[in-house]
Amino acid sequence: DDQWSPSNTSGKKCYNLRLLMQIKDDPLSKDKPNAAALLETWNVLRPSPI
Amino acid sequence: MACCLEPAKIEEKIKNNTQSKVKILPEPVSVIKHPLQYSWSLWIYVNDKSKTWEENLIELTTFDTVEDFWCLYHHIKLPTELRQGNDYAVFKKGVRPMWEDDANKMGGRWLINIDRKQRSANLNKYWLDIILLMIGENFENSEAICGAVVNIRGKFDKIGVWTGHTYTKPVVEIGKTLKEVLGIQTKFGFEVHRDTMSKQGSTSKFLYIV
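Top to bottom, those sequences are chains A and B. So our numbering is basically just the index in the first sequence, starting at one, shifted up by 1269. With our numbering, letter number 76 in the second sequence gets 71, and the count goes up by one each step, no holes.
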């Protein structure tokens, strides 16, 4: 179908829950966020990642 | 033996070794992230009594790829780990999580109450599933979605899924999808923001119930 993928970058940016959960464990999904300092300021940064 | 090779041959041997090392490097890893249809902002409401309601509402960061959402998810506290009185909100970028915002003022919210006893079982799961439904464009009428708020409170926690209008067909579809995907057995209702703003008592009438 016409879903976005690296080989179909003009596809629809729709992702079902199963696909989203698969991407959860990708190394690209584990990096510390850019906003970490602000997250820490407002006390929402975890001491260690989930 | 290497000690017997002429300098030119030693150089050639080094060059060959270097080339062979280059050859065994792994293929470059794809770094293309999955782009989302919209950019989304994460907000926190902190309950500092010395500040106004608006001053207590802070836009923390935005994300526009699936991977960047997960990076955030892995590094921030779960709703159950927030302090009582705090809220998280995830809204389309540019929409403030308040009734007064132009994108919200003609809309309303599906309101899911979560009993304190159900908190550990359901609160974090509902919140994550709702965000995934929103950012992955899993509602048929996803253009009607503005965002979602989770309120951490004493007796009941609340999750609201906000829409920009109150038209029956799209709004009811969103409610039914929420009920089905979250697996909620009890009924819950849709409040119109204008009614909630002007309400006198502690309950406002629901426009729709699923």
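Since the hints were made in silico from the structure, they are not lab data. A couple of the hints might just be wrong.
To be verified - Below, in silico cross-link-like pairs of lysine-lysine (DSS-like), each with a Cα-Cα straight-line distance of 30 Å or less: (1) A/Lys1301 x B/Lys164; (2) A/Lys1301 x B/Lys150; (3) A/Lys1299 x B/Lys100; (4) B/Lys28 x A/Lys1281; (5) A/Lys1282 x B/Lys120; (6) A/Lys1293 x B/Lys100; (7) A/Lys1281 x B/Lys112; (8) B/Lys87 x A/Lys1281; (9) B/Lys171 x A/Lys1282; (10) A/Lys1299 x B/Lys120; (11) A/Lys1299 x B/Lys164; (12) A/Lys1293 x B/Lys72; (13) A/Lys1293 x B/Lys153; (14) A/Lys1293 x B/Lys171; (15) A/Lys1282 x B/Lys112; (16) B/Lys100 x A/Lys1301; (17) A/Lys1301 x B/Lys171; (18) B/Lys120 x A/Lys1293; (19) A/Lys1281 x B/Lys120; (20) A/Lys1282 x B/Lys100.
As the list claims (entries may be wrong) - What the simulated footprint calls covered on chain B by chain A, stretch by stretch (three residues with Cβ under 8 Å from a Cβ of chain A suffice, anywhere in the stretch; the number is not a length): (21) 100 to 114; (22) 138 to 152.
Every residue, glycine too, gets a C-beta built ideally from N, C-alpha and C.
To see whether the hints hold, each was checked on the structure:
A threshold of 30 Å between alpha carbons decides the hint, and for A/Lys1301 with B/Lys164 the separation of about 40 Å lies outside it, so the pair is violated. A hinted pair counts as satisfied when its Cα atoms are at most 30 Å apart, and A/Lys1301 with B/Lys150 does not qualify at roughly 34 Å. For the proposed pair A/Lys1299 and B/Lys100, the alpha carbon gap of about 37 Å is over 30 Å, so the pair is violated. Restraint check for B/Lys28 and A/Lys1281: satisfied, since their Cα atoms lie roughly 14 Å apart, inside the 30 Å limit.
Under the criterion of a C-alpha separation no larger than 30 Å, the hint pairing A/Lys1282 with B/Lys120 is consistent with the structure, at around 23 Å. Proposed proximity of A/Lys1293 and B/Lys100 is contradicted: the alpha carbons are some 34 Å apart, above 30 Å. Proposed proximity of A/Lys1281 and B/Lys112 is contradicted: the alpha carbons are some 40 Å apart, above 30 Å. For the proposed pair B/Lys87 and A/Lys1281, the alpha carbon gap of about 18 Å is at most 30 Å, so the pair holds.
Only pairs whose Cα atoms come within 30 Å are accepted, and B/Lys171 paired with A/Lys1282 is accepted, the gap being roughly 22 Å. Between the alpha carbons of A/Lys1299 and B/Lys120 the distance comes to roughly 19 Å, so the proposed pair stays at or under 30 Å and holds. Taking the CA atoms of A/Lys1299 and B/Lys164, the gap is near 38 Å; set against the 30 Å cutoff, the hint is violated. Between A/Lys1293 and B/Lys72 the CA atoms are separated by roughly 16 Å; this keeps the pair inside 30 Å, and the hint holds.
This hinted pair checks out: A/Lys1293 and B/Lys153 have alpha carbons roughly 26 Å apart, not beyond 30 Å. Using a Cα cut-off of 30 Å, the hinted pair A/Lys1293 and B/Lys171 holds, with the two alpha carbons roughly 26 Å apart. The suggested pairing of A/Lys1282 with B/Lys112 is violated, with an alpha-carbon distance near 37 Å, which exceeds 30 Å. This hinted pair does not check out: B/Lys100 and A/Lys1301 have alpha carbons roughly 35 Å apart, beyond 30 Å.
This hinted pair does not check out: A/Lys1301 and B/Lys171 have alpha carbons roughly 35 Å apart, beyond 30 Å. Taken as a hint, the B/Lys120 and A/Lys1293 pair is honoured in the structure, with Cα atoms around 15 Å apart against an allowance of 30 Å. About 26 Å separates the Cα atoms of A/Lys1281 and B/Lys120, which keeps this hinted pair within 30 Å; it holds. About 27 Å separates the Cα atoms of A/Lys1282 and B/Lys100, which keeps this hinted pair within 30 Å; it holds.
Proximity of the stretch 100 to 114 of chain B to chain A, defined as three or more residues with a beta carbon under 8 Å from a beta carbon of that chain, is not established by the 0 residues found. Counting residues of the stretch 138 to 152 of chain B whose CB falls under 8 Å from any CB of chain A gives 0; the rule of at least 3 is not met.
The structure is inconsistent with the numbered hints 1, 2, 3, 6, 7, 11, 15, 16, 17, 21 and 22, although it conforms to all the rest.
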